[in-house]
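Model the full structure from these sequences, guided by the hints.
So the protein sequences, as listed, match chains A and B.
Residue numbering for the first sequence follows our numbering, beginning at 1 and increasing consecutively.
Residue numbering for the second sequence follows our numbering, beginning at 1 and increasing consecutively.
Think of the hints as simulated: they come from the structure by calculation, not from any bench.
Hints should not be assumed to be uniformly reliable.
As the list claims (entries may be wrong) - Below 25 Å or equal to it, Euclidean Cα-Cα: the simulated DMTMM-like pairs (lysine to aspartate or glutamate) are:
#, chain 1, residue 1, chain 2, residue 2
1, B, 63, A, 175
2, B, 63, A, 322
3, A, 4, B, 5
4, B, 63, A, 221
5, B, 63, A, 170
The structure presented is a predicted model; accordingly, all values stated were derived computationally and were not measured.
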Amino acid sequence: MDPKPLWLLAELTYKCPLQCPYCSNPLDFAGSRFKRELSTDEWCRVFREAKALGVLQLGLSGGEPTLRADLEDLVRQAHGLGLYTSLITSAYRLTKERLAALKAAGLDHVQISIQAADAELSDAVAGTATYRDKIAAYHYTRELGFPLTVNVVLHRRNLHQVEALIRLAESLGAERIELANTQFYGWALHNRDALMPTKAQLDDAWRVVQRERARLGTRLEIVWVLPDYHEQYPKPCMGGWARAYMTVTPAGEVWPCHAAGRITTLTFENVRDHPLQWIWEHSDAFTRFRGDAWMPEPCRSCPRKAQDFGGCRCQAFLVAGDAGFTDPVCSLSPHRPLIDAAVAQVERAAEAPEWIYRAAPASRRLAAKG
Amino acid sequence: MRGRDVLLYPEGLVALNPTGAEILQLCDGVRSVADVVAALEQRYGSAAVERDVTAFLDGLAAKGLVTYGS
Chain A
1 MDPKPLWLLA
11 ELTYKCPLQC
21 PYCSNPLDFA
31 GSRFKRELST
41 DEWCRVFREA
51 KALGVLQLGL
61 SGGEPTLRAD
71 LEDLVRQAHG
81 LGLYTSLITS
91 AYRLTKERLA
101 ALKAAGLDHV
111 QISIQAADAE
121 LSDAVAGTAT
131 YRDKIAAYHY
141 TRELGFPLTV
151 NVVLHRRNLH
161 QVEALIRLAE
171 SLGAERIELA
181 NTQFYGWALH
191 NRDALMPTKA
201 QLDDAWRVVQ
211 RERARLGTRL
221 EIVWVLPDYH
231 EQYPKPCMGG
241 WARAYMTVTP
251 AGEVWPCHAA
261 GRITTLTFEN
271 VRDHPLQWIW
281 EHSDAFTRFR
291 GDAWMPEPCR
301 SCPRKAQDFG
311 GCRCQAFLVA
321 GDAGFTDPVC
331 SLSPHRPLID
341 AAVAQVERAA
351 EAPEWIYRAA
361 PASRRLAAKG
Chain B
1 MRGRDVLLYP
11 EGLVALNPTG
21 AEILQLCDGV
31 RSVADVVAAL
41 EQRYGSAAVE
51 RDVTAFLDGL
61 AAKGLVTYGS
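Okay, here's the thing in structure tokens:
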């Protein structure tokens with residue numbers, strides 16, 4: 001049976017007041033490719049088509065999705081279709097009134113990022129003063145009865161705060177904390193040497209996570225997104241290419257994951273030109289790596305291929321130079337030395353270099369360089 | 001989902017069989033587990049549902065998807 005999508009990530013805008021140096025948005029987010037944002041009606045059509053295809057989970061993300069003045073209308077439409085809606089936000093200037101209006105529109109779940117456990121470091125990582133807004137919004141979220149996920153991207157400069165972050169989420173009454181070790185795409189790949197932690201940092205943090213999981217049980221779910229450069233085998237990226245997931249970008253391109261747009265050897269289609277169903281079933285971007293017929297060795301004969309699906313196509317493209325290669329993170333990949341070298345360089349370096357913040361001028365500069 | 005009931009939650013879903021769906025429909029935040037059991041026993045004229053109900057709810061509770069007291 002052909003796979004059907006269950007998940008849709010709607011990236012409503014790439015505008016964002018935060019400037020996190022690990023942002024998963026494209027490096028060229030400020031360029032012409034993403035300029036002409038979908039209208040309210042166009043998004044509503046996307047949601048209808050997604051539901052008809054089988055989608056049940058809708059993530060409303062960005063950029064900063066609350067910058068869209070029509071967010072309540074979009075939530076109302078999605079909720080009316082029976083989609084489970086999650087708002088993925090930085091909570092920048094997010095008021096209780098806005099959250100209450102979103103609740104009334106049918107929003108199911110709120111995920112609010114935080115960049116560190118204290119205001120000084122959190123604001124320094126975000127490049128924007130937002131810590132106070134976040135703490136206030138966590139409380140509003142709980143007061144309004146939403147399930148709450150606290151999301152933190154982990155890297156060299158905040159991994160030592162894992163325990164404080166878990167305690168913060170616990171004190172807020174959150175259901176989940178997502179401790180997402182930086183995955184190196186987009187801005188994070190650009191800033192890799194500044195962000196990558198040492199092995200010792202990761203080992204310490206992992207010990208804390210195990211201890212805190214035992215202490216908290218089901219009171220607070222602790223999700224630990226693996227730092228894949230430090231693993232032996234690749235992650236089962238997106239549960240397999242084009243098997244259950246799709247991303248629609250602000251201007252309507254449809255991608256098999258939120259990083260796939262960087263793969264220059266794929267052709268991406270737009271919801272303005274084609275129905276979502278056609279894009280899912282027939283477009284080049286979705287069919288190229290679906291299933292396992294595309295796999296080279298060592299994946300082709302590997303018993304793990306049903307488990308990790310050959311890992312991540314974006315990583316194969318960005319690091320090894322071809323989206324059709326085995327994920328270079330795999331210890332069986334001939335390109336694994338590229339990963340080992342990046343890890344070794346961080347272990348050797350006395351100090352991490354400075355990062356470049358995600359911001360429109362830097363994006364335009366990088367886009368011009370190609 | 002493909003004609004089945006599902007329980008949706010942050011970042012996940014559980015497909016339910018018809019019995020599970022029926023149990024969850026009775027979980028309204030007011031009824032106790034005993035009330036749910038009684039309602040089902042009355043509906044089906046059977047007195048052997050308690051174990052099934054608690055096993056089902058324990059499974060969801062282990063995932064943090066339902067909470068209930070004694």
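Cross-check of the supplied hints:
{"no.": "1", "hint": "B:63 <-> A:175", "in the structure": "11 Å, holds"}
{"no.": "2", "hint": "B:63 <-> A:322", "in the structure": "39 Å, violated"}
{"no.": "3", "hint": "A:4 <-> B:5", "in the structure": "17 Å, holds"}
{"no.": "4", "hint": "B:63 <-> A:221", "in the structure": "9 Å, holds"}
{"no.": "5", "hint": "B:63 <-> A:170", "in the structure": "17 Å, holds"}
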